[in-house]
Every structure is written in structure tokens, then in C-alpha cells.
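Undergrad: Based on these hints, arrange chain B on the given structure of chain A.
Order-wise, the sequence lines are chains A and B. When the letters of the first sequence are read in order and numbered with this note's numbering, they come out as residues 1 to 190. When the letters of the second sequence are read in order and numbered with this note's numbering, they come out as residues 191 to 338.
Read the hints as simulated data drawn from the structure, not as lab findings. In this text, all values refer to a predicted model and were calculated from it rather than measured experimentally. Among the hints, erroneous ones may be present.
Per the computed footprint, the stretches of chain B lying under chain A, defined by three or more beta-carbons under 8 Å from a beta-carbon of chain A, are [to be verified]: (1) 195 to 207; (2) 215 to 222; (3) 287 to 296; (4) 306 to 317.
Heads up, the beta-carbon is just placed ideally off N, CA and C, and yes, glycines get one too.
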Amino acid sequence: MEDALVLWLNGWVGRSGLVDGLMGALVSDYLVPVWASTVLMGLWFHGASDAERYENQLVTIAGALAVGLANGAVAIVNQLVFTARPFVHLDLDVPFYLPTDSSFPANTAGVAFGIATAVFLRHRKLGAALYALGAVWGIARVAAGVHYPSDVLAGAAIGVLVGVVATLVVRRGAFILRPVLRTFRFFTVG
Amino acid sequence: MPSEFAIDYIRWVFFCALGAFQFVAAKNGLHGVMLARGFPRLTMIAALALVGIATAVYFASEPRNQPDAGLGLDANEQGRWFAIAAAAAIGATVALTSVINHRWGARHGLDAPPFGVGWLQCTTFARAFAARVGYARRRRVGEFRVED
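Okay, chain A solo, but in the shape it has when bound (with noise of 0.2 Å):
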């Protein structure tokens, strides 16, 4: 099943340029996190007032903290179990480089759901914006042929607990953070 799906979104590789180049840029390792952190650095600054605004930046602590979190969460998974890679088992064209670590779970998506699911515990369409963010970057590295659709699933559940974690420790310890922020604050007269 989950190969039959691999193979039919790897069909779609190599029949047009322009397709090509979309899921070129899609797959990649840069485009999502690039455009989700800057969504988190914008929200820094965003907000109607000054109560609204510190709201928003404790969004932008949790959402860096989920980062951190999905990647030693997927780290620790990818030590208990092993899974190669789609290309390895299956004839496919992968318009990607060819990573040799654990298929399972997908890093890529535990980040970008982490991510989105700070983001959208406070701005409900943000946040559903970037979740579909991270859902076409899985779906992308599902066609290229480096990740199992369940792996993808199993990185955006880690993302979404970890989110939820991240968004509840930066809640019960903002009162920790508040002389770093407000130090932060100071330079950024924010």
C-alpha cells in the first residue's frame, strides 16, 4: 500500500520542467524551515499591543523549542529503530540527494509541525497555513522518493506533541524567561 503510493507520487517526477523545479525547491532542506522560522521571527514583532506582542513572542520561544525538541525526539527514535529509505527497495527517480540515515520518522515533518502547532495554539489560520506547509514539504519527500508516507505521519505527530509540550513548559515558565526577555526587549525596544 504504502509503496504503491510511493511509486504513483514518484510518477510525477520528470514530466515537466516546471514540476520539476517546484518539488526541487519543495523537497529541499532550506525552503520550508527558512519561511517557517521567518513566520516566527515576524510574529516577534507582531501584535496590536504590548500585552499582544509578548503573547507572540513566547509563540516564537515555543515554536524555536519545539524545533529543538522534534530534532532530539526524532534523534532518539532514529537510534531505536532503522528504516531504509524508499529508494533503497523500490525503482524510483529521486530528484534529491540520497541520505543514508533512518527513513523513520521523517525529521522534516516532526520540525514543521512542530512549528506550526505553536503557531496555531494562538493564530488559528497562521498556524493551519503552515500546517499545510509542512504537509505539501511531506508529500514532497514522499514523491522524491526519501521518506514513507508513514514516516511522514509518525514526524508530524511527533511535531504536534512536541509543539504542544514546547508552548506548555515556555506557558508555565515565562516567568523564567521574563528577565532574559526583558533584557532581549530592552535592545529590540520591544
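TA: Below, chain B without anything else, positioned relative to chain A:
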């Protein structure tokens, strides 16, 4: 020393961060850090276009799917260069807009206690920061104590 690949990445992030900062400034009326103060709607459109064009140029100019153990960047390098490039974009914006909007920013009183990023709705970063430092200094020497 960053590799050529890293320099391209830094350049791309710089323009994305510049666009995002201008977009947020225009959306929140932070006129003091806007490059085109009188045109918020145009600024938002131009900011999104800047992010799109920078992204298109980045991906169209060279093959970007490189292994992080080779030419590419690993997660730590990405984090480091992103932070540097984004900070540079914000720094460049506040420096440039402090010059561009310097005269406009003088029309507003700066003796009141600072109230955060909201300052940038009515003055420049340089003026707001100077006022904030001055306020902190005056408070330290007790100028604002009621009993004085």
C-alpha cells in the same frame, strides 16, 4: 568562513527576513521602521514579492539539494546562519529607517516612559532606543522617584 553555498543561503534569508520585517511593520503601523512610510499596502505587497523573488532566485540559480555532509548545510549550520542573516536584516532595516525617517521621528515627544515596539509607530528605532537608554539612566539616578 562560510562556503559559497552558505553565502547564498545567508543572502536568501536576509531578503526573506527583510521582507517579513517590512510586512509586519506595515501591518502593525510601525512607521518608524518602514522603508516607504506612507505606503503600508504597497509595502506589504512589495515585501511578499521580495520573499517570493528571493526564494525563486535562490532555487533557480544553483542545485540546492546537496547532502549536509557535503556541500549542503546541516541543521546547526542552518540555525546559525539563519540567526545571523535575520539579525543582519533587522539591523540593516532599523539603521536605514532611522536615517530615512529621522526628521519625521523628531515630531513626537520622547520624554514619556517607553512602551515597547509601539514606539516605532511614532518614531525611529534610533530615537526610541536613545530615549529608552536615557529613561533607564534617569530612573537609575532616581530622577523619577515620587519622594524626590
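Undergrad: Would you say the region 215 to 222 of chain B counts as covered by chain A, given the rule of at least 3 residues with C-beta under 8 Å?
TA: holds (count 4)
Undergrad: Using a Cβ cutoff of 8 Å, are there at least 3 residues of the region 195 to 207 of chain B near chain A, or does the coverage claim fail?
TA: Holds: 5 residues of the region 195 to 207 of chain B have a Cβ under 8 Å from chain A.
Undergrad: Count the residues of the region 306 to 317 of chain B whose CB lies closer than 8 Å to any CB of chain A, then report whether that count reaches three.
TA: Result for this restraint: holds, n = 6.
Undergrad: Go check the region 287 to 296 of chain B versus chain A for me, would you? Three or more residues, Cβ under 8 Å, otherwise it fails.
TA: violated (count 0)
The earlier numbered hint that this structure contradicts is number 3, and it is the only one.
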